[in-house]
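S.K.: As a plain string of letters, each chain reads:
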Amino acid sequence: MSIAGRRAAFLAGAAVLVALLTWGFAGLLPGRPAGPTPRVGDLLASASGPDRHVVDPVALVGLDARSLDALVAAFTVVAAVAGTTLVLRARPDEWAGHALDFATGRRVPPTSDAVRVLGLGLTPPTVLFGLYLVTHGQLSPGGGFQGGVVLAAGVLLIYLAGEFEDLHGLYGDRALERGLAAGAGGTVAIGFLGLAAGPAFLANALPLGRTGDVLSGGTIPLLDVVLGLGIAVGFVALLTTFLHQAIVLRPLGARR
Amino acid sequence: MIGWVAPLPIAVPWAAAALVLLFDRVADRRLTRLLTGVAVAAEVAGAAALLHHAGAHPAVMWVGGWAPVHGVALGISLTLDRLGAGAALGAGVAVAAAVALIPATLEDAGTTVDALLLVLLGAMAGFCLTGDLLTMLVFFELTAVASIALTAYDTGSVAALRSALSLGITSTISAFLGVMGIALIYARTGALNLAQIARAVAADPRPDRVIVLALGLLSAAFLIRAAIVPFHLWFVDTISASPLPVVIVLGGVLGTLGLLGVVRLWPAVSAAAGVPARGVADVLVVAGAATALVGGLLGLGFTAARRRLAFVIVAQTGITLVGAGLLSAGGLGPAILYSAGSGLAVGALACGLAVLDLARPRAGAALLVAGGLAVAGLPVLAPGLALQRLERAARGAGYPWVVPVVALAAAMAGGAVLRMARSSPQGGQPEATRRRVAGAVGIGAVLLVLAVLAGAAGGWTGAAGGWTAAAAAGAAGTAPAAVPITLGGTLVDLLSVAGALLLGSGYGSGFTRRLGRQAAVASTWSAVRRLHDGSIGDAVAWATIGTAAITLALASAMR
Amino acid sequence: MTALGTIVAAWLFAIGLYGVVTSRNLVHLVVSLSVSQASTYVLLLAVGTRAARPGPPARAVDPVLQALASTDVVVAVVIAALLLALVVQVHKRTGSLDPDALRRLPE
Numbered sequence: 001m002s003i004a005g006r007r008a009a010f011l012a013g014a015a016v017l018v019a020l021l022t023w024g025f026a027g028l029l030p031g032r033p034a035g036p037t038p039r040v041g042d043l044l045a046s047a048s049g050p051d052r053h054v055v056d057p058v059a060l061v062g063l064d065a066r067s068l069d070a071l072v073a074a075f076t077v078v079a080a081v082a083g084t085t086l087v088l089r090a091r092p093d094e095w096a097g098h099a100l101d102f103a104t105g106r107r108v109p110p111t112s113d114a115v116r117v118l119g120l121g122l123t124p125p126t127v128l129f130g131l132y133l134v135t136h137g138q139l140s141p142g143g144g145f146q147g148g149v150v151l152a153a154g155v156l157l158i159y160l161a162g163e164f165e166d167l168h169g170l171y172g173d174r175a176l177e178r179g180l181a182a183g184a185g186g187t188v189a190i191g192f193l194g195l196a197a198g199p200a201f202l203a204n205a206l207p208l209g210r211t212g213d214v215l216s217g218g219t220i221p222l223l224d225v226v227l228g229l230g231i232a233v234g235f236v237a238l239l240t241t242f243l244h245q246a247i248v249l250r251p252l253g254a255r256r
Numbered sequence: 001m002i003g004w005v006a007p008l009p010i011a012v013p014w015a016a017a018a019l020v021l022l023f024d025r026v027a028d029r030r031l032t033r034l035l036t037g038v039a040v041a042a043e044v045a046g047a048a049a050l051l052h053h054a055g056a057h058p059a060v061m062w063v064g065g066w067a068p069v070h071g072v073a074l075g076i077s078l079t080l081d082r083l084g085a086g087a088a089l090g091a092g093v094a095v096a097a098a099v100a101l102i103p104a105t106l107e108d109a110g111t112t113v114d115a116l117l118l119v120l121l122g123a124m125a126g127f128c129l130t131g132d133l134l135t136m137l138v139f140f141e142l143t144a145v146a147s148i149a150l151t152a153y154d155t156g157s158v159a160a161l162r163s164a165l166s167l168g169i170t171s172t173i174s175a176f177l178g179v180m181g182i183a184l185i186y187a188r189t190g191a192l193n194l195a196q197i198a199r200a201v202a203a204d205p206r207p208d209r210v211i212v213l214a215l216g217l218l219s220a221a222f223l224i225r226a227a228i229v230p231f232h233l234w235f236v237d238t239i240s241a242s243p244l245p246v247v248i249v250l251g252g253v254l255g256t257l258g259l260l261g262v263v264r265l266w267p268a269v270s271a272a273a274g275v276p277a278r279g280v281a282d283v284l285v286v287a288g289a290a291t292a293l294v295g296g297l298l299g300l301g302f303t304a305a306r307r308r309l310a311f312v313i314v315a316q317t318g319i320t321l322v323g324a325g326l327l328s329a330g331g332l333g334p335a336i337l338y339s340a341g342s343g344l345a346v347g348a349l350a351c352g353l354a355v356l357d358l359a360r361p362r363a364g365a366a367l368l369v370a371g372g373l374a375v376a377g378l379p380v381l382a383p384g385l386a387l388q389r390l391e392r393a394a395r396g397a398g399y400p401w402v403v404p405v406v407a408l409a410a411a412m413a414g415g416a417v418l419r420m421a422r423s424s425p426q427g428g429q430p431e432a433t434r435r436r437v438a439g440a441v442g443i444g445a446v447l448l449v450l451a452v453l454a455g456a457a458g459g460w461t462g463a464a465g466g467w468t469a470a471a472a473a474g475a476a477g478t479a480p481a482a483v484p485i486t487l488g489g490t491l492v493d494l495l496s497v498a499g500a501l502l503l504g505s506g507y508g509s510g511f512t513r514r515l516g517r518q519a520a521v522a523s524t525w526s527a528v529r530r531l532h533d534g535s536i537g538d539a540v541a542w543a544t545i546g547t548a549a550i551t552l553a554l555a556s557a558m559r
Numbered sequence: 001m002t003a004l005g006t007i008v009a010a011w012l013f014a015i016g017l018y019g020v021v022t023s024r025n026l027v028h029l030v031v032s033l034s035v036s037q038a039s040t041y042v043l044l045l046a047v048g049t050r051a052a053r054p055g056p057p058a059r060a061v062d063p064v065l066q067a068l069a070s071t072d073v074v075v076a077v078v079i080a081a082l083l084l085a086l087v088v089q090v091h092k093r094t095g096s097l098d099p100d101a102l103r104r105l106p107e
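Protein chains in written order, with my numbering: chain A, 1 to 256; chain B, 1 to 559; chain C, 1 to 107.
Derived from the structure by calculation, the hints contain no laboratory data.
Values in this document were obtained by computation on a predicted structure and should not be read as measured data.
C-beta atoms are modelled at their ideal positions from N, C-alpha and C, and glycine is treated no differently.
Treat the hints with care, as some may be off.
To be verified - Interface residues of chain C toward chain B, partial, derived using beta-carbon atoms under 8 Å:
| id | residue |
| --- | --- |
| 1 | V20 |
| 2 | N25 |
| 3 | H28 |
| 4 | V35 |
| 5 | L43 |
| 6 | I79 |
| 7 | L83 |
| 8 | L86 |
| 9 | R93 |
| 10 | P99 |
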C-alpha cells in the first residue's frame with residue numbers, strides 16, 4: 001500500500017478500536033456493582049503471612065502460587081538473549097579486531113576521569129543493592145528479576161569506567177551463555193525438586209523458616225537467587241553482544 | 001503418578017535446552033544433538049502417555065500443589081484432556097521433523113538452534129496443557145520469541161531479517177491485546193483459571209461490555225498468531241524467508257495453536273455475557289471461510305514457491321477455523337483431524353522443497369505432488385477425510401454455503417501446490433550427499449504415511465470418528481457427535497481433488513491471462529501484490545483493522 | 001479505574017501503533033512498540049488499584065497484577081533487545097533504517 005493509503009486505513013481501524021476500547025473500559029468504572037467473588041490476588045495477599053511465612057505477597061504470588069509463570073519468564077529471557085547472540089553472531093565476512101570506540105566524523109576522546117571515578121565509586125553500592133534486592137524478595141519489593149537487572153547495571157558501570165577489555169576480562173567467552181543456562185536450568189531443577197520431595201512440580205518443598213528472616217519462604221529465596229543469577233548474566237550478555245557487534249566486529253578489508 | 005508425567009512435556013525439553021547451552025563447545029556436537037533428539041522423543045512419549053491417560057479420565061493437575069481453596073483456584077492448573085495432550089503430541093512431531101531436517105538444510109547450525117527449538121517445543125507443550133489464561137498467554141509469547149531468532153537464522157538475507165521483524169512486532173502487538181483482554185476478564189471475574197472464569201461468567205449472565213471487549217481482544221490476539229485474514233501478512237513474509245525446518249514448526253503447528261487458544265477461550269466465556277453463541281460462530285466461520293478463499297486464490301496467483309506454500313497454509317488454517325468456529329463438538333472433531341493432517345502435509349511439502357534445494361527435482365516434485373493431493377482432499381489421507389466431515393457438520397449447523405466454499409478453497413490450495421511441483425526451479429546444490437537427500441525424502445515420506453494413519457485412526461474407524469471426536473467432545477463439554485464418512489462427502493472430496501488437478505495442470509491459465517488484461521482486475525491484482533510486499537507498517541495497519549472488525553462484530557452481536 | 005485511566009490506556013495503545021505503522025526509522029518503530037506496551041501497564045495498574053476492587057480494603061495493590069506487570073517489564077526489555085539486534089543487522093546489510101526500503105525484496 002502507499003504510505004498515505006496505509007495511514008488512512010490504519011486511522012480508520014484505530015478510530016473504531018479506540019472507540020470500542022473506551023466503550024468497554026467504561027464498563028469498569030465504578031457504578032456497576034461488582035461480582036461477589038473476591039479476587040484471587042486478594043485471597044493470596046491475605047494468606048501470605050501464615051501460609052508460606054513470607055511478608056511480600058508479590059513474592060508469594062510470583063514465585064510460589066504462580067511459579068510456572070516465573071519459569072516461563074526465565075526461559076523467555078533465555079530465548080531472547082540466545083536469539084540476540086545468534087542474530088548478532090560474527091558472519092563469514094567479518095573479523096573480530098581490537099575493541100575500538102569510534103564515532104563518525106570525529107575523534108573519540110578517552111574516558112574522562114570524572115566518569116572513571118563515578119563508575120568505580122558507584123559499582124560496589126550498585127552490586128550490593130542488587131544482591132540485597134535478590135535475596136530479600138520475600139520480605140520487601142524486589143526479587144530475582146528486579147535484583148538481577150540492578151546487578152547487570154553494576155557490571156555496565158564497570159564498562160563505563162573502563163574499556164571493553166576490562167569487561168571481557170571478567171568472564172570468558174562462553175561463560176555468559178553458561179550462566180544464563182544455569183539460571184534457567186536451575187529453575188527447572190527446583191521444579192523437579194518439588195516433584196521429587198513431595199506433592200508436585202515447582203512445589204515449595206523446602207523448610208519455610210520464620211517470617212521476617214532472610215531464609216524464609218522455602219523455595220522462594222532460592223528461586224530468587226537462581227533467577228537473579230540468570231537475569232543478571234542475561235542482561236550482561238545482551239550488553240556484551242551489542243558492544244561486540246558495534247566495536248569489535250569489523251568487515252573484512254576495513255582499514256581499522 | 002500422573003503428577004510426574006504431566007509437567008514432563010514442558011520440563012524435559014527445557015532442561016535439555018539448558019544442558020545443551022551449558023555444554024556448548026565442551027561436549028561433542030554429536031552428544032548435544034543426541035540430547036536434543038532424546039528430549040524431543042521424550043516429549044512425544046510424554047504427550048502420548050497423557051493422551052492415553054486422558055482417554056480414560058481427563059485430569060487436572062495443580063502446579064506446585066496449589067489446589068483450589070473453597071472452590072477458588074489460587075494456582076495454575078494443567079488440564080490434561082485429549083485436545084491438549086493431542087496438540088502437544090503434534091507439536092512434538094513437528095519439532096522432531098524439524099530437528100531431523102536440519103542436517104539436510106542448515107549445515108552449520110550450532111547448539112543455539114537446537115536450544116531454541118527445544119525451548120519452542122516446551123513452550124508449545126505448556127500452551128497446550130495449561131488451563132490458566134495468563135499462563136497460556138506467556139507460553140504463547142515465548143513461542144513467538146523463540147521463533148524470531150530461528151526465522152532470522154540466515155542473517156545475511158535481508159528478507160529473513162525483515163520477516164523476523166514482522167513476526168516479532170505483530171506477535172508483540174498480539175501479546176498486548178492478550179494482556180489487555182486478561183486484565184479486563186480479571187477485573188470482572190477476579191480469576192485467571194479458565195474453568196473459574198467460566199463459572200464466574202455463568203453466575204452473572206447479564207450483558208457485559210467488559211467481557212465482550214475482552215473476548216474481542218483475546219480472539220484477535222489468537223487469530224493474529226494463527227494468521228487468519230487480515231492478520232496474515234506477517235505470516236506470508238515469515239514462511240517465505242525462514243529456514244525450512246522452522247517452516248515445518250511455524251506452518252505446521254504454531255498457527256493451529258492460535259486456533260486452539262480460541263477454542264479454549266470460548267467455553268470459558270460462553271455464557272459470554274450477552275453475545276449469543278450463534279453470533280460468535282458467525283464471526284468465526286465467516287473469518288475462516290474468507291481466509292480459506294483468500295489463501296487459495298493468492299496461492300494460485302503468486303508464483304514464488306515459498307509464497308505459494310505460505311498461502312496454502314493460510315488457506316488450511318482458514319478451513320480449520322471454519323470447523324472450530326462452529327463451536328460444537330461436531331465441528332471441532334473434523335477440525336482437529338484436519339489440522340493434524342494439514343500440519344503433516346505442510347511438513348511433507350517443506351521436505352519436498354528441501355529436496356528441490358538439494359537438486360533432486362524428481363524426488364522433490366514427487367513429495368510436492370503427494371502433499372498437494374493431501375491438501376486438495378484426497379480421501380485417503382487425513383485432510384480429505386476431515387474435509388468432508390467438516391463440510392457435513394457445517395451444513396448441519398446451518399451454514400450450507402460452507403460446503404462449496406471449503407471444497408473450492410481445498411481445490412485451489414491443492415492446485416497451488418501442484419503448480420509448485422510443476423514449475424520447480426532447476427538449481428540447488430548438486431554435490432549434496434546422498435545421505436542428506438535420503439534424509440529429507442525419508443522425513444517427508446514418514447509424514448505422509450502419518451497423514452494416512454491419522455486419517456485411518458480419526459477418520460475411517462467408527463462412525464463417531466475415533467479419538468478426534470472424543471477430544472472434541474471433551475473440549476466442548478458435550479457428548480461425542482457422530483459425523484460419518486459418506487459417499488456424498490467422498491464425492492465432494494474427489495471433486496476438490498479433480499479441481500486441484502485441473503488448476504495445477506494450468507487449466508484456466510489462458511482464461512486468467514485474458515482476465516488479467518482487464519484494467520480493473522489488473523489494478524486490483526497489483527494492489528494485492530503491493531499489499532503483500534513485506535511492509536511491516538501494512539501488517540500492523542491491517543492487524544488493527546482486523547482487531548477492530550472482530551471486536552465490532554462481537555459487540556454488535558451482543559444482545 | 002478512573003475515566004482518565006481509561007482514556008490514557010486507549011490513547012497510548014493507539015498512538016504507539018500509529019508510530020509503528022507510519023514510522024520511517026526502524027529504531028523509532030521498536031520504541032513506538034514500547035509506547036503501546038505502556039498502555040498495558042496503565043490498564044493493569046488501573047484494574048489493580050484499591051478503588052477498583054469489591055469488598056473490604058485489602059492490604060496491598062493486587063499482587064497478581066503486580067507480579068504480572070513486573071515480569072512483563074523484564075520480558076519486554078529482552079524482546080526489544082532482540083528486535084533491535086535485527087535492526088542492527090538490517091542496517092549492516094542495507095545501510096538504511098527505513099522500513100519502506102525493505103519492501104519488494106527479491107524472493
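S.K.: Indicate, hint by hint, whether the structure satisfies it.
M.R.: Hint by hint, here is what the structure shows:
1. With its C-beta approaching chain B no nearer than about 5 Å, V20 (chain C) sits inside the 8 Å limit, and its interface hint holds.
2. A least Cβ separation of about 12 Å between N25 (chain C) and chain B goes past the 8 Å threshold, and the interface hint is therefore violated.
3. Interface restraint check for H28 (chain C): the shortest CB-CB distance to chain B comes to about 12 Å, outside 8 Å, so the restraint is violated.
4. With 8 Å as the threshold, the beta carbon of V35 (chain C) stays out of range of chain B, its nearest partner Cβ sitting at about 11 Å, so the hint is violated.
5. The interface hint given for L43 (chain C) holds, since its Cβ lies 5 Å from the closest Cβ of chain B, which is under the 8 Å cut-off.
6. Here the hint on I79 (chain C) is kept, as its CB sits about 6 Å from the closest CB of chain B, short of 8 Å.
7. Annotation: interface hint on L83 (chain C) holds; nearest CB of chain B at approximately 5 Å, less than 8 Å.
8. Annotation: L86 (chain C) was flagged as interfacial toward chain B, and the flag holds, the nearest CB pair being 5 Å apart, inside 8 Å.
9. The criterion of a C-beta within 8 Å of any C-beta in chain B is met by R93 (chain C), whose closest approach is roughly 5 Å, and the hint holds.
10. Taken as an interface hint, P99 (chain C) checks out: its beta carbon lies about 5 Å from the nearest beta carbon of chain B, inside 8 Å.
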